[in-house]
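Chains as they are written, first to last, in this note's numbering: chain W, 1 to 277; chain R, 1 to 318.
No wet-lab data here; the hints were simulated from the structure. Errors might be hidden in some of the hints.
[Stated by the list, open to error] Derived DSSO-like pairs: lysine-lysine, alpha-carbon spacing no greater than 30 Å straight-line: (1) Lys135/W <-> Lys49/R; (2) Lys135/W <-> Lys27/R; (3) Lys318/R <-> Lys165/W.
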Amino acid sequence: MTDLKKMASQIRRDIVRMVHEAQSGHPGGSLGCADFFTALYFQIMKHDPKFNMDGINEDIFFLSNGHISPVFYSALARSGYFPLNELHTFRKLNSRLQGHPATHEHLPGVRVASGSLGQGMSVAIGAALAKRLNKDSRLVYSLHGDGELDEGQVWESIMFAAHRKVDNLISTIDWNGQQIDGPTRVVMNLGDIRRKFEAFGWTTLETDGNDMDALVATLNEARELTGSGTPVGIMMRTVMGKGVDYMEGHHEWHGIAPNDEQLKIALAQLPETLGDY
Amino acid sequence: MLKDIKVTGQKDTRSGFGDGIHELGKKNPNVVALTADLAGSLKLGPFIKDFPDRFFQCGIAEANMIGIGAGLTIGGKIPYTTTFANFSTGRVYDQIRQSVAYSGKNVKICASHAGLTLGEDGATHQILEDIGLMKMLPGMTVIVPCDYNQTKLATLAIADYPGPVYLRFGRPVWPIFTDPDQEFEIGKAQFFSRGNDVSIFACGHMVWKAIEAGIILEEKGISVELVNIHTVKPLDEEAVLNSTRKTKCAVTVEEHNVIGGLGDAIAQCTSKHAPIPIEYVGTQDTFGESGKPMELLKKYGLDSPDIVAAVEKVLKRK
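Isolated chain W, as found in the complex:
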């Protein structure tokens, strides 16, 4: 197993354990995006865990679908932004690890609150524009749920980014086809989202978000495509609940916690590679 794959497995264990301990949270999308966060934080981005809000001369990341906070927190803690044992405080009183990510408690690594959906791309665009004004050549990354594309504001921002040629932005869509009330094609059919992004003037890529090698290659390719006058979108196919067989592909696991027995089954499927927190 390569280092990245080991990290992804450990992050998946963190996710399941955090949500189990809190008996609350969103394991499905978190597990699906564990490989993405691993690739981004441990391979792709140049970033500093000492954390400075402005992120000058760093690549910076915005999580728009804030409910997958467990994977975000695990990736940040394992990158050194805050102590690993703080993951025990997830969703508890007096914690910096709020149910949805926030800056209010000054958790290092988080640059804006998210949770109410549809807002993150706008913020990412703003940060990308600030980088341009500051002559900072690093990139801005953002992640969005596919269900989140139901929100009209996302399309406002997609239109703006192309119009204003925000070409230092790489936005990824977690295309798992699931949202709270059911499959996206039933709740609100997204159609061909790649073609929609293209029609709005984006350069797009498509990848398997649960194949680490393919994912890293796509993220590298995306970086090569920046600076060419268009924003870059990655349509990332993932499986909700990836890595835990009884969760995989089931929208019911969007936002519920495993019980003790389910935790045991899950952990048996996820090798402890780098030590549990």
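Place chain R on chain W using the hints.
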């Protein structure tokens, strides 16, 4: 005496904003401006001409504008978002709440065409709830300057005042009666007269209406303390209480619903520390309608005679 206040000109407060941000553009390279297809109405022309790279046209997409504003602060920019007050607040409340206020972002939400004096466009555009909406957000500063000069100074001042700010101004040409060199301090009430019988607390355009009323009251021998609460939040509680402890009654005057606005802020402050009778001049939990600004102020009970009547009423309740 209020009758000694000199009117030095007539201009819309939004021009104070436009001139203020233009001046600011020269002074502070971090200031950037955004609009949602209302650059002309917000008088951004000179700023756009001189600082094209620091101007962001967002189209008719206010939610995206607020989010971009929040993002621009990450990297040290000071974004001024501009559109009408209705689209600056109600339309984008959740974006302001999550991406700006809860996230503690240094975004300046600059809102023109507030209140009834927007005029003919009617109730869809005449927001009368925005002060309340904004002042309920934790950490949000709410400023409602009274004339062109003060709006310009407020526009300059908020750049150096960290944190989210809601700056509310308007459309109509309005008397200029404050000094261009006045000392403008955020959170510090401005006294136009000192008196012993009644405190009048006003903000925005209604400060002028309160002055007109105050002149009539002075002629009747009533001693008026007229206070401009240009910063509705944080409220200058010390100034309010010093005044009401002396006068023992108050009238509040705002181009806003009496629910949730300046009147509520004064009432909460005084009832907590030193209760007094208060009369509220503002819209009485109603929407507006089309009409000329002065016709509307008259119909909805916000003209100077209404303020005089409110003072006479509150004096009887002392």
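We went through each hint and held it up to the structure:
Distance restraint check for Lys135/W and Lys49/R: the Cα-Cα separation of roughly 21 Å lies within the 30 Å cut-off, and the hinted pair is therefore satisfied. With a C-alpha separation of about 20 Å, the suggested pair Lys135/W and Lys27/R falls inside the 30 Å cut-off, and the hint holds. Among the hinted pairs, Lys318/R with Lys165/W is inconsistent with the structure: their alpha-carbon atoms are about 64 Å apart, more than 30 Å.
When the structure is compared with the earlier hints, a violation turns up for hint 3 alone.
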